Amino acid sequence: EKAADSSAKSSSHLNVHPNGPSYAPPMMPIDTDDGILYKAIGGVSGDLLEQNSQMFNQVSSNFSAFQVNATSIFQLIHENVSILCKAWENILAILNNLNDMPEVMKQMPPLLVMVNEELANSILPRPPHQMKS
Numbered sequence: 001e002k003a004a005d006s007s008a009k010s011s012s013h014l015n016v017h018p019n020g021p022s023y024a025p026p027m028m029p030i031d032t033d034d035g036i037l038y039k040a041i042g043g044v045s046g047d048l049l050e051q052n053s054q055m056f057n058q059v060s061s062n063f064s065a066f067q068v069n070a071t072s073i074f075q076l077i078h079e080n081v082s083i084l085c086k087a088w089e090n091i092l093a094i095l096n097n098l099n100d101m102p103e104v105m106k107q108m109p110p111l112l113v114m115v116n117e118e119l120a121n122s123i124l125p126r127p128p129h130q131m132k133s
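Residues 1 to 133 in UniProt numbering are what the sequence shown spells out, letter by letter.
Derived by calculation from the structure, the hints in this document are not laboratory data.
As the structure is a prediction and not an experimental result, all values here were calculated from the model.
We put the CB at the ideal spot given by N, CA and C, even for glycine.
Where hints are given, some of them may not hold.
As the list claims (entries may be wrong) - Only pairs whose alpha carbons sit at most 25 Å apart, straight line, appear in this in silico SDA-like list of lysine to any residue: (1) K39 <-> N96; (2) K39 <-> E50; (3) K39 <-> N90; (4) K86 <-> E117; (5) K39 <-> F74.
As the list claims (entries may be wrong) - Derived DEER-like restraints, expressed as beta-carbon distance ranges: (6) I41 <-> P125: 23 to 31 Å; (7) L112 <-> S72: 35 to 43 Å; (8) F74 <-> V113: 15 to 23 Å; (9) P110 <-> I73: 38 to 46 Å; (10) Q51 <-> N121: 35 to 43 Å; (11) V104 <-> E79: 38 to 46 Å; (12) N121 <-> F63: 19 to 27 Å; (13) N99 <-> F66: 37 to 45 Å; (14) G46 <-> P109: 31 to 39 Å; (15) L119 <-> A40: 27 to 35 Å; (16) N57 <-> D100: 23 to 31 Å; (17) I123 <-> A65: 33 to 41 Å.
Full structure from sequences and hints, please.
This is how it looks when you write it as structure tokens:
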């Protein structure tokens, strides 16, 4: 009887939906309000990463609004493109600032994920400081 109770308790956290997965989703901390990570990074890069986090949260909210108010979809799409363009500018600024990092930061291992600049440039307009006159 105790074994049955413990198995019922351990599976109570599983997401069981008729059309969804029957496994527990990975638990990842998504609380960005405390800003600890960005403060630890510090400087311009930390500020730009924090801005990107806020902008990505806005894009996510806009996607949620698509389901609620379909009449403003074009306005929300335009807003998302503008937000993503600004986030892309921030990423480029961070990459450019890597050259100015202290020597200890340059000794870090390479990033696991690289920015696909060709894809980003094909989707998003180039930032003003990169446009050729």
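Against the structure, the hints:
Restraint check for K39 and N96: satisfied, since their Cα atoms lie roughly 20 Å apart, inside the 25 Å limit. Restraint check for K39 and E50: the C-alpha separation of about 9 Å stays at or below 25 Å, so the hint holds. For the given pair, K39 sits about 17 Å from N90 by alpha-carbon distance, which is consistent with the 25 Å threshold. Taking the CA atoms of K86 and E117, the gap is near 15 Å; set against the 25 Å cutoff, the hint holds.
Restraint check for K39 and F74: not satisfied, since their Cα atoms lie roughly 36 Å apart, outside the 25 Å limit. One distance hint, 23 to 31 Å for the beta-carbon pair I41 and P125, holds here, with the actual separation near 27 Å. Our hint of 35 to 43 Å for L112 and S72 holds, since their Cβ atoms are close to 37 Å apart. Our hint of 15 to 23 Å for F74 and V113 is violated, since their Cβ atoms are close to 31 Å apart.
At roughly 39 Å, the beta-carbon separation of P110 and I73 lies within the given 38 to 46 Å, and the hint holds. Taking the beta carbon of each, Q51 and N121 are about 21 Å apart, not inside 35 to 43 Å as hinted. In this structure the hint that V104 and E79 lie 38 to 46 Å apart at CB holds, the actual value being about 39 Å. Hint check: N121 to F63, Cβ distance near 23 Å, so the stated range 19 to 27 Å holds.
Checking the proposed 37 to 45 Å range against N99 and F66 shows it holds: the Cβ atoms sit about 39 Å from each other. With their beta carbons about 19 Å apart, G46 and P109 fall outside the hinted range of 31 to 39 Å. A C-beta distance of roughly 30 Å is found between L119 and A40, which places it inside the suggested range of 27 to 35 Å. The hint said 23 to 31 Å for the Cβ distance between N57 and D100, and at roughly 28 Å that hint holds.
Range check, I123 to A65: about 21 Å between beta-carbon atoms, so the 33 to 41 Å window is missed.
The structure fails to meet hints 5, 8, 10, 14, 17 from the earlier list, while all remaining hints are met.
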